[in-house]
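Trainee: Chain by chain, the residues:
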Amino acid sequence: MSEGAEERGEGRSRDTTHTTDKPSAAPTGAERRSGRGEAPCEGAEERAADRGGDATHGRPSAASAGGPRRGGHGEALSVDLLYSEVEEQLRGSVRDLLSDRCTADDVLARCDGGGAPYDMDLWRTLAVDLGVAGLSVPEALGGHGASAREVAVVMEELGRRVAPVPFLGSVVLATTALLRGDTGDLRVANLLARLAAGETTGTLVVTLSTPPVAEFPTPVRATPAAEGFAVTGTVGSVADASAADVLVVPAIGDDGEGLYLVDAAADVTVSRLVALDLTRSIATVTFTDAPAHRIAGPGDASTVLRHALTVGAGLLASEQLGIAQWCLDETVHYVGERHQFGRPIGSFQAIKHRLAQLWLGLVSARAAARHAASVLAANDPDTAVAVAVAQSYCATVAVHAAEEAVQLHGGTGMTWEHPAHLYLKRAKSDELALGTPGHHLANLAHLVDIPPPEPDAG
Amino acid sequence: MTDTTAYGGVESSMSATGVTIDAEELRRRSRELLAGYDPATTGRLDFLRARFDAGLAWVQYPVGLGGLDAPRALQAVVDAELDAAGAPDNEPDSILIGLGMAAPTILGFGTDEQRARFLRPLWTGEEVWCQLFSEPGAGSDLAALATRAVRDGSGADGDWLVTGQKVWTSSAHVARWALLVARTDPDVPKHRGLTYFVCDMTAAGVEVRPLRQLTGEAEFNEVFLTDVRIPDRHRLGGVGDGWRVAQGTLMNERVAIGGTAIPREGGLIGIVADTWRRRPKLRTHDTYQRLLRLWVDAEVMRLVGDRLRQQLAAGAPGPEGSAMKLAFARHRQELSGLEVELLGAEGLGYDDWSMHRTQTVDFLGRDAGYRYLRAKGNSIEGGTSEILLNIVAERVLGLPTEPRVDKDVAWKDLPR
Ligand SMILES: Cc1cc2nc3c(=O)[nH]c(=O)nc-3n(C[C@H](O)[C@H](O)[C@H](O)COP(=O)(O)OP(=O)(O)OC[C@H]3O[C@@H](n4cnc5c(N)ncnc54)[C@H](O)[C@@H]3O)c2cc1C
Chain F
1 MSEGAEERGE GRSRDTTHTT DKPSAAPTGA ERRSGRGEAP CEGAEERAAD RGGDATHGRP
61 SAASAGGPRR GGHGEALSVD LLYSEVEEQL RGSVRDLLSD RCTADDVLAR CDGGGAPYDM
121 DLWRTLAVDL GVAGLSVPEA LGGHGASARE VAVVMEELGR RVAPVPFLGS VVLATTALLR
181 GDTGDLRVAN LLARLAAGET TGTLVVTLST PPVAEFPTPV RATPAAEGFA VTGTVGSVAD
241 ASAADVLVVP AIGDDGEGLY LVDAAADVTV SRLVALDLTR SIATVTFTDA PAHRIAGPGD
301 ASTVLRHALT VGAGLLASEQ LGIAQWCLDE TVHYVGERHQ FGRPIGSFQA IKHRLAQLWL
361 GLVSARAAAR HAASVLAAND PDTAVAVAVA QSYCATVAVH AAEEAVQLHG GTGMTWEHPA
421 HLYLKRAKSD ELALGTPGHH LANLAHLVDI PPPEPDAG
Chain R
1001 MTDTTAYGGV ESSMSATGVT IDAEELRRRS RELLAGYDPA TTGRLDFLRA RFDAGLAWVQ
1061 YPVGLGGLDA PRALQAVVDA ELDAAGAPDN EPDSILIGLG MAAPTILGFG TDEQRARFLR
1121 PLWTGEEVWC QLFSEPGAGS DLAALATRAV RDGSGADGDW LVTGQKVWTS SAHVARWALL
1181 VARTDPDVPK HRGLTYFVCD MTAAGVEVRP LRQLTGEAEF NEVFLTDVRI PDRHRLGGVG
1241 DGWRVAQGTL MNERVAIGGT AIPREGGLIG IVADTWRRRP KLRTHDTYQR LLRLWVDAEV
1301 MRLVGDRLRQ QLAAGAPGPE GSAMKLAFAR HRQELSGLEV ELLGAEGLGY DDWSMHRTQT
1361 VDFLGRDAGY RYLRAKGNSI EGGTSEILLN IVAERVLGLP TEPRVDKDVA WKDLPR
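Just so you know, the protein sequences line up as chains F and R, in that order. In terms of the numbering used here, the first sequence opens at residue 1 and continues consecutively. In terms of the numbering used here, the second sequence opens at residue 1001 and continues consecutively.
Note that these hints are calculated values from the structure, not bench results. Treat the hints with caution; some may be incorrect.
Pulled a few chain R residues facing chain F out of the computed Cβ check, cut under 7 Å [unchecked claim]: (1) R1176; (2) P1280; (3) T1284; (4) H1285; (5) Y1288; (6) E1299; (7) V1300; (8) E1320; (9) L1399; (10) V1405; (11) D1408; (12) V1409.
Far from chain R by the CB rule (all over 10 Å, computed), these chain F residues [unchecked claim]: (13) Y118; (14) L122; (15) A193; (16) T207; (17) V213; (18) A214; (19) I252; (20) L273.
Which bits of chain F does chain R cover? Going by a derived footprint, with three or more residues having C-beta under 8 Å, they are [unchecked claim]: (21) 226-240; (22) 282-289; (23) 334-343.
For each residue, glycine too, the CB sits at the ideal point set by N, CA and C.
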């Protein structure tokens, strides 16, 4: 019943992203505490408003990550889905760095020829100077004591730039697995400290398309050796292996499932594969009696692995959100400038409606991804459901956004020179990474009791 | 860190008398109300009026108008306290237009006299409201409306005489008052010649005829206005300012959607999931995949609503309200269609085609066939989905408007 939008009373904003101008390094535990409240109790924290408003607006956190859920009234038990001030600062510093050092041209230039896929200088700046490598590692183990919420914000920004850095393998998958292993083991503790400091890069040696609930992988065998163990076997399509110094390897030993640490320099061959995704490297990793140190045995290896993959799938939703955000922003910009038939193509309703629908998908993806990150940060029992929802939803939104970006750029969108294809390739690969939407839906069906049809069903 | 007043009115507020209105204070006042007006022995209306006068009707409203200038989020504290004591409520579902549209418009644009006259019986449900906006020739293009309001006599505060036809007016048959937009100046471009009124539905010259819907019943009506006399003190906002006031009404209409938190599997998805669980024979492979996606969509919509409310509480409402209405309409339509399909032979039936006039939509209470049909209205009422997509594209994304042929032309000269 309403008229065209131009007379309506809503605030107008071209900025569909969530930005902040304040650069700053990763939050330390102390900053986090001052930003989010010493005691995560009812109404204790003041926090920046989400965007669009005055950043000094305080608001009580609904259920602060890691803290008890608040009760008592209205918003009781709802998970905090906004971004805190500290998270916005972190986003700002990552975004500033990437605008400087990771432009579309920079990324495209790396995709030509057989050069290194990753920008290891950029990675070191991110990991060491901004401290993103140690975000989720507790301070006692040499990290920043932040949580999955902050890691998710970094994932969004890396996704927005399809940044060629081994963040997923090292900070998300390998670090999460190690944190769930025996951190009392000095080798594990030392390694975590080095990973957190950005001195070492790692990855988890599983095929990237493995869903969190898959059977424990069996391609690698572990046998007792003079010192510890030795592992032998081949794993295909491992993300970030080409950049890793240290590998976390699921393998089957004489006594069953285990997770092993292997130095990438010793009796390991890493051969990079030609990947659909130009900005995330995958490789075949072959172990030939490589010396290995066991960090989890039959009792807990499969739980630890499942946890790492679940965290990975949940946080990947934030990367997908970042991908979709870039695609929407870039396309909105383009259709506003490009003229055909004597007017900007963005004034044609067919195009407007498609982009409005895409925005709707983004709004939804943001809620789902934030929810997954918050629930992961709080180690909430709802984690499995939240991750299945977020990954099945956000994967689809990112692919759709990238496909729309290509289509609405016309012939330009089909070129190598325009970066849209980088996002299409990342989005499509991310759809497979850590489980397809179909895998996550099947898992969800199981979790929330939507049983499958009977065998003779239509 | 327990100083809840630090949040500038989010957790608490100072009342005019210097008392801090926080959750505890509201609980105290609720118990005081219950002590003074025991629901077991007090008449329903007496209780509701007392509740309004105690400022516990809508706590975010001003003192004296049913509220305490307290944060909106704290309303839940009062509701919970009164519910637990078995107190009657104002049956909000049957007075949605009053609560969701009329009240904020009167509060935002009305005079003190209008607020004092209308808000109390509106909230208690004694006086039902309806919305006389749409016309046969003006739906999406509301500003094109043709209902005329002319001054009777020459005085600057003389009565208005209103003549025209309105359509799709929900609840007109039970309404005491209407929000009315009429044309007071046909010689200027369409948006500029409108004025907003409160129309007495019992006045001479108001004729309401039911319009039967595809569901069989009649929620809405057509309303014929013939020289209906409206005193100038029932004008809301300035002469010629009707478009701006109407925008306020429509914005509230959309904010109202997604206003309350729902649990996981709340609403229709819970009903359909339950049918699925209970009746394995109904399941097919195709409906399985669709149900799972719709389950995820329902959950994500719920989270968008949570996020929207958190933004509101933080004082930074986002434009997600329009997204909610779009997503809600599409989801309800897909899910209600799936439900009919799922039910097989049962889906071939219908519960009741008899023509009757209703004031509420019993969406979850009726059968799947009704739900399927009624959901079709979700993408039409309150702004069609096409219009909302235009609004998102232009307002949120900043995309250029389409060329317009009607902006600078006097309304009387527009092609019709
Ligand atoms: C159940 C129900 C209850 C209602 N209750 C009330 C009420 O209480 N009070 C009241 O005033 N009104 C009410 N309405 C009316 C409702 O607001 C209008 O039906 C609606 O705004 C559409 O107007 P229209 O019916 O004239 O359709 P039109 O505006 O003629 O639209 C027809 C079709 O064209 C599309 N369209 C129109 N313009 C554009 C455009 N610029 N771009 C793309 N597509 C366009 C529309 O989306 C729609 O699909 C109700 C409607 C329903 C279904």
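Trainee: Taking the hints in turn, state whether each one holds.
Mentor: Each hint tested on the structure:
no.	hint	verdict
1	R1176	violated, 22 Å
2	P1280	holds, 6 Å
3	T1284	holds, 4 Å
4	H1285	holds, 5 Å
5	Y1288	holds, 5 Å
6	E1299	holds, 5 Å
7	V1300	holds, 5 Å
8	E1320	holds, 5 Å
9	L1399	holds, 4 Å
10	V1405	violated, 12 Å
11	D1408	violated, 13 Å
12	V1409	violated, 15 Å
13	Y118	holds, 33 Å
14	L122	holds, 31 Å
15	A193	holds, 32 Å
16	T207	holds, 25 Å
17	V213	holds, 15 Å
18	A214	holds, 19 Å
19	I252	holds, 33 Å
20	L273	holds, 31 Å
21	226-240	violated (count 0)
22	282-289	violated (count 0)
23	334-343	holds (count 3)
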